Amino acid sequence: MSISKQDVKYIAALARIDVPEAQLDAMTKSLSDVVQYVETLQKLDVSNVKPTSHAVPVGNVWRQDQVKTSLTNQEALAIAVEAKEGSFKVPLVIE
Amino acid sequence: MSQFETVIGLEVHLQLSTKTKIFCSCANVFGCPPNTNVCPVCLGLPGTLPVLNHQALLSGIKVGLALNAQINEFIKFDRKNYYYPDLPKGYQISQFDFPVAKDGFLNIKTGNAEKRIGIKRAHLEEDAGKLVHDASGSCSLVDYNRTGTPLIEIVTEADMRSPQEAYDYLNTLKLTLQYLGVSDCDMEKGSLRCDANVSIRPIGQKELGTKTELKNINSFKAVKTALEYEVRRHEQVILAGGKVVQETLLWNDEKAITITMRSKEQAHDYRYFPDPDLVPFTIDYKVIDSVRAELPELPQAKFQRFLSQYGLSDYDANILVADAAMSHFFEEAAKEYPQAKKIANWMGGPVLMELNHRKLALNELKLTPKSLVALIAKVEEGVVSNLAGKEVLTMMLDEGKSAEQIIQEKGLAQVSDDSALIAIIDEVIAQNAAVVEQIKSGKPAAAGFLVGQAMKKSGGKANPKKLNELITRRISGA
Amino acid sequence: MSLYQLTSHALLDLIKSRQVGARDAYIAVQERIKAVDPKVKAYVRMATVQPDFTGALPVPIAIKDNLCTKQEEITCSSRILKGFRSPYDAGVIERVKQSGGTILGIVNMDEFAFGSSCETSCYGPTFNPWNLQCVPGGSSGGSAASVAADEAMWALGSDTGGSIRQPAAFCGIVGLKPTYGRVSRYGLIAFASSLDQIGPLTKDVHDCALLMNIISGYDERDSTSVNEPVPDYTKALVNDVKGLRIGIPKEAFVDGLDPEVRKSVEDALELYKKLGATIKEVSLPHTPYAVATYYIVATAEASSNLARFDGVRFGARKQPTQVRKNALVDMYEETRSQGFGDEAKRRIMLGTYALSSGYYDAYYLRGQKVRTLIKNDLDEVFKDCDCVLTPTSPTVAFKVGEKVSDPLSMYLSDIYTIPANLAGIPAISIPCGFSKSGLPIGMQLMGKAFDEEMLLRVSYTYEQNTEWHLKKPNL
Numbered sequence: 089m090s091i092s093k094q095d096v097k098y099i100a101a102l103a104r105i106d107v108p109e110a111q112l113d114a115m116t117k118s119l120s121d122v123v124q125y126v127e128t129l130q131k132l133d134v135s136n137v138k139p140t141s142h143a144v145p146v147g148n149v150w151r152q153d154q155v156k157t158s159l160t161n162q163e164a165l166a167i168a169v170e171a172k173e174g175s176f177k178v179p180l181v182i183e
Numbered sequence: 006m007s008q009f010e011t012v013i014g015l016e017v018h019l020q021l022s023t024k025t026k027i028f029c030s031c032a033n034v035f036g037c038p039p040n041t042n043v044c045p046v047c048l049g050l051p052g053t054l055p056v057l058n059h060q061a062l063l064s065g066i067k068v069g070l071a072l073n074a075q076i077n078e079f080i081k082f083d084r085k086n087y088y089y090p091d092l093p094k095g096y097q098i099s100q101f102d103f104p105v106a107k108d109g110f111l112n113i114k115t116g117n118a119e120k121r122i123g124i125k126r127a128h129l130e131e132d133a134g135k136l137v138h139d140a141s142g143s144c145s146l147v148d149y150n151r152t153g154t155p156l157i158e159i160v161t162e163a164d165m166r167s168p169q170e171a172y173d174y175l176n177t178l179k180l181t182l183q184y185l186g187v188s189d190c191d192m193e194k195g196s197l198r199c200d201a202n203v204s205i206r207p208i209g210q211k212e213l214g215t216k217t218e219l220k221n222i223n224s225f226k227a228v229k230t231a232l233e234y235e236v237r238r239h240e241q242v243i244l245a246g247g248k249v250v251q252e253t254l255l256w257n258d259e260k261a262i263t264i265t266m267r268s269k270e271q272a273h274d275y276r277y278f279p280d281p282d283l284v285p286f287t288i289d290y291k292v293i294d295s296v297r298a299e300l301p302e303l304p305q306a307k308f309q310r311f312l313s314q315y316g317l318s319d320y321d322a323n324i325l326v327a328d329a330a331m332s333h334f335f336e337e338a339a340k341e342y343p344q345a346k347k348i349a350n351w352m353g354g355p356v357l358m359e360l361n362h363r364k365l366a367l368n369e370l371k372l373t374p375k376s377l378v379a380l381i382a383k384v385e386e387g388v389v390s391n392l393a394g395k396e397v398l399t400m401m402l403d404e405g406k407s408a409e410q411i412i413q414e415k416g417l418a419q420v421s422d423d424s425a426l427i428a429i430i431d432e433v434i435a436q437n438a439a440v441v442e443q444i445k446s447g448k449p450a451a452a453g454f455l456v457g458q459a460m461k462k463s464g465g466k467a468n469p470k471k472l473n474e475l476i477t478r479r480i481s482g483a
Numbered sequence: 082m083s084l085y086q087l088t089s090h091a092l093l094d095l096i097k098s099r100q101v102g103a104r105d106a107y108i109a110v111q112e113r114i115k116a117v118d119p120k121v122k123a124y125v126r127m128a129t130v131q132p133d134f135t136g137a138l139p140v141p142i143a144i145k146d147n148l149c150t151k152q153e154e155i156t157c158s159s160r161i162l163k164g165f166r167s168p169y170d171a172g173v174i175e176r177v178k179q180s181g182g183t184i185l186g187i188v189n190m191d192e193f194a195f196g197s198s199c200e201t202s203c204y205g206p207t208f209n210p211w212n213l214q215c216v217p218g219g220s221s222g223g224s225a226a227s228v229a230a231d232e233a234m235w236a237l238g239s240d241t242g243g244s245i246r247q248p249a250a251f252c253g254i255v256g257l258k259p260t261y262g263r264v265s266r267y268g269l270i271a272f273a274s275s276l277d278q279i280g281p282l283t284k285d286v287h288d289c290a291l292l293m294n295i296i297s298g299y300d301e302r303d304s305t306s307v308n309e310p311v312p313d314y315t316k317a318l319v320n321d322v323k324g325l326r327i328g329i330p331k332e333a334f335v336d337g338l339d340p341e342v343r344k345s346v347e348d349a350l351e352l353y354k355k356l357g358a359t360i361k362e363v364s365l366p367h368t369p370y371a372v373a374t375y376y377i378v379a380t381a382e383a384s385s386n387l388a389r390f391d392g393v394r395f396g397a398r399k400q401p402t403q404v405r406k407n408a409l410v411d412m413y414e415e416t417r418s419q420g421f422g423d424e425a426k427r428r429i430m431l432g433t434y435a436l437s438s439g440y441y442d443a444y445y446l447r448g449q450k451v452r453t454l455i456k457n458d459l460d461e462v463f464k465d466c467d468c469v470l471t472p473t474s475p476t477v478a479f480k481v482g483e484k485v486s487d488p489l490s491m492y493l494s495d496i497y498t499i500p501a502n503l504a505g506i507p508a509i510s511i512p513c514g515f516s517k518s519g520l521p522i523g524m525q526l527m528g529k530a531f532d533e534e535m536l537l538r539v540s541y542t543y544e545q546n547t548e549w550h551l552k553k554p555n556l
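Chains as they are written, first to last, in my numbering: chain A, 89 to 183; chain B, 6 to 483; chain C, 82 to 556.
In case anyone wonders, no lab produced these hints; they're calculated from the structure.
Any given hint could turn out to be false.
[What the hints assert, rightly or not] Simulated crosslink set (BS3-like; lysine-lysine; CA at most 25 Å straight-line):
1) C:K450 to B:K135
2) C:K552 to C:K480
3) C:K480 to A:K138
4) B:K448 to B:K461
5) C:K464 to A:K93
6) A:K177 to B:K107
7) B:K107 to B:K260
8) A:K172 to C:K399
9) B:K461 to A:K156
10) A:K97 to C:K178
11) B:K81 to A:K138
12) C:K464 to A:K156
13) C:K480 to A:K131
14) B:K81 to C:K456
15) A:K97 to A:K117
16) B:K24 to A:K156
17) C:K178 to A:K131
18) C:K163 to A:K172
19) A:K138 to B:K24
20) B:K120 to B:K81
21) C:K344 to C:K361
22) C:K399 to A:K138
23) A:K156 to C:K151
Everything numeric in this text was worked out from a predicted model, so none of it was measured.
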């Protein structure tokens, strides 16, 4: 099982990363190598095994419904790349 | 008659009215200036982590129970990954395969029948922010105040067979959820959003037709209109020999049509996986039982009880049940006054008119159950006529005074005292001999004219019932 | 001995007895940084805020570039976060500040912690103080190098697959990855949320216990933080292993294990035997699958965690000069393509693939199941062992540039460290020798969940009976 160039293009679009034609082969090869390596996992019988999402058995963690102070508008926008009228500014979004 | 059967499913997103957002402690409020109700967590800043709002979980369980659904013993949260500027983390925390509730139903009244609409599932998730196009038209602006608002998404089975049923379902759902107190269910404020899935198939066919998804619908009425339009559109396509394209369409209310979304990325690969930053939750049956025990009486049950306990008509019961505040007010009033039907009449009649006229909510009126009951008593006792009573109500609401006060101040008390009335009656009888003759010769209804005359002479203050009684007695020989 | 060469516990003793002032120590380390960092390049930026020297434990500390610290630029050694200043302090930073810690500056790392050599940093590599031609290890390469070079009394790093332990081994110092949930992750810029832990890099085991006391503890802002009481870890510093059972997995002696590393580890086992511990041969049969499991699970989580770096709200935004798809998508793609380095892109792509439609079951789900098998192996072994010993890394520090073009070979160097992250258990690396070429060798001890005390005891005993930890590089 290895990754095709087509797969790489699809994944790149999903990940919002531009892989120019010139780099496509190299990226495909690197990814293919790793995917081939991880194929070893297919050898194992995991039919009766439960997946581990959390290493430590903790559950039911929640907090009380109490308001705490938020950031001021100034603090929030201090990190902004571009801001306008109290909002974060981005290129025009077409639906 | 159409040769096609319509199949409709609805997805409703509801904002829960908890005090704080679902995964952070920012206030859960509407209408703040942009980006003034945000924190590092809901802004998705690097290094931040979500912590579940316990109240949101309880609200989720409440909704599940109210929808007769099974509450999952084990639930978890999953990440739904996609890119959009109003989604700060680049993923939405939602629930994929272990939602709070599943396999429920809602009984609705549609036309004259009752129908059961299956609820496939209800799950918790966080809301995104708001994206607006800047006035200059050259950029967009993002406000993250809404990010992290707790949402519950309720998905029905494809059980509705007409746009009307969809409309009825939405109204019943809204009423039920308002009763629960978990959301204000206001489509205008955006606390309730609805997407519709619709397909058609030849009558008798088991296989479903291709469905389209409708978004951007801003009122229940528009849901009905949009679905009616879309059903017609599907029919036209099929009858012309074509195939319906499975796609997402936006409803354009102005033009009253559905339009294809410009972005071609219709099918998203959301790459759902369990959110490692949140732990799994086990919902103990004791918790479910305690939430169930605290559920308020829901609209359908209340309706039945109003019929049996107070002897109300369907019509009156419906009006009262249609608003949680109205039904509560009614019951408080009924505690003070035995004639429940009269209370219902007043509430469904004059009170409702005042509410509509003043565009206020019941709790904003200068009226209490006790003060309404006092007014009704005055009318029933004959202190004021029914008509005058309505005017008294208006004045009570204007001035915030009691019925007693208004009646006294404006001197509205009817004259019911026999002796005072007899004088007037005798005058009227004397002045209208011809009419008296008519009454004597078998036209008792003509007494109405005499009542009218007596009312005029009394300056509108006589108790018409009394007048009628006395006139009849006088004429028949007393 | 110069002030900057002291361990933190020695410094604190001197401060307590008023022989040295906190400010003097800080300045001494600053001078040391000026003198040697041009060669080592551990630091990416110095602290802009003058510390307060009046706290209880005013130890000069270096902070890894992925721990949010107010008023300091924090970038995960990536171009994409250029200029980012967090409006909040990470939980551990709050604790360090509360304890009186004096922050020297921010140290280098592999970009977003993706790496085992500190070579993927956008600032260029950090160099191993023992041999400047070699890597310090990664991803907490700057943290390890700074401590080894006495450019910090101690440092904080993070460990997802070995990123504290491996650089500690390469640099001849002590590095501990705590039990998952022991230390708050709030404010740690996430790589793989179910594997990441923040931990100490120190000159000796005593310092490790001290820093663990400071950073450990429940944090309600982290749902995965465990509400388990924090013991005084210095009480575990006992020079005695009599009767303790140390497991050595037979899978530890793999092909590719450097013979010098093997010898050092075997010598350590002999020493433990002499000191009264029982050595047991055990088996962790799923060890060969650990690296593959890690590279699926960790990259999958990372691909999602790094989605927020999109140029919308913070960091460095880029826009191509000509429209390709549309302005918004172009911004996302240009920002991320220019902002992320090659290894970051590779891992994001790999992770995206592992989660994508049609592949989730075969990769991510399967990975999580194999993770269970690996965890079960360790649980089984800990029924009869108090700790498990392995080499930390199959080799000593390799040369800069040696493995960069072969990602897979780089990944395989994490073979010993990865299982502890997958299982969520604590693990420590301590120096146990030197290669003939003068490069440090480290050995790893793994323990049961929340049993850091056992690790500290077994490490401390070894340290008290050897002198590796007293050696300093020749800078």
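Results of checking the hints against the structure:
Taking the CA atoms of K450 (chain C) and K135 (chain B), the gap is near 39 Å; set against the 25 Å cutoff, the hint is violated. Restraint check: the Cα-Cα separation between K552 (chain C) and K480 (chain C) comes to about 21 Å, which is no more than 25 Å; the hinted pair holds. Between the alpha carbons of K480 (chain C) and K138 (chain A) the distance comes to roughly 41 Å, so the proposed pair goes past 25 Å and is violated. Taking the CA atoms of K448 (chain B) and K461 (chain B), the gap is about 22 Å. The hint holds against a cut of 25 Å.
Using a Cα cut-off of 25 Å, the hinted pair K464 (chain C) and K93 (chain A) is violated, with the two alpha carbons roughly 48 Å apart. A C-alpha spacing of about 40 Å is found between K177 (chain A) and K107 (chain B), which places the hinted pair above 25 Å, so the restraint is violated. Restraint check for K107 (chain B) and K260 (chain B): the C-alpha separation of about 37 Å exceeds 25 Å, so the hint is violated. Taking the CA atoms of K172 (chain A) and K399 (chain C), the gap is about 18 Å. The hint holds against a cut of 25 Å.
The straight-line distance between the Cα atoms of K461 (chain B) and K156 (chain A) is roughly 67 Å, outside the 25 Å bound, and the hint therefore fails. Taken as a hint, the K97 (chain A) and K178 (chain C) pair is broken in the structure, with Cα atoms around 46 Å apart against an allowance of 25 Å. The suggested pairing of K81 (chain B) with K138 (chain A) holds, with an alpha-carbon distance near 15 Å, which does not exceed 25 Å. Under the criterion of a C-alpha separation no larger than 25 Å, the hint pairing K464 (chain C) with K156 (chain A) is inconsistent with the structure, at around 45 Å.
Distance restraint check for K480 (chain C) and K131 (chain A): the Cα-Cα separation of roughly 35 Å exceeds the 25 Å cut-off, and the hinted pair is therefore not satisfied. Taking the CA atoms of K81 (chain B) and K456 (chain C), the gap is about 22 Å. The hint holds against a cut of 25 Å. Straight-line distance between C-alpha atoms of K97 (chain A) and K117 (chain A) comes to about 13 Å, which keeps the hinted pair within the 25 Å bound. Restraint check: the Cα-Cα separation between K24 (chain B) and K156 (chain A) comes to about 10 Å, which is no more than 25 Å; the hinted pair holds.
Between K178 (chain C) and K131 (chain A) the alpha-carbon distance is near 49 Å, which puts this suggested pair outside the 25 Å criterion. The straight-line distance between the Cα atoms of K163 (chain C) and K172 (chain A) is roughly 21 Å, inside the 25 Å bound, and the hint therefore holds. Between K138 (chain A) and K24 (chain B), the direct Cα distance comes to roughly 37 Å. Violation of the 25 Å bound is thereby established for this hinted pair. Restraint check for K120 (chain B) and K81 (chain B): not satisfied, since their Cα atoms lie roughly 32 Å apart, outside the 25 Å limit.
This hinted pair checks out: K344 (chain C) and K361 (chain C) have alpha carbons roughly 18 Å apart, not beyond 25 Å. Of the pairs offered as hints, the one joining K399 (chain C) and K138 (chain A) is violated, with about 43 Å between alpha carbons and a cut-off of 25 Å exceeded. For the hint pairing K156 (chain A) with K151 (chain C), the CA-to-CA distance comes to about 19 Å; that is within 25 Å, so the pair holds.
Checked against the numbered hints above, the structure breaks hints 1, 3, 5, 6, 7, 9, 10, 12, 13, 17, 19, 20, 22 and satisfies the rest.
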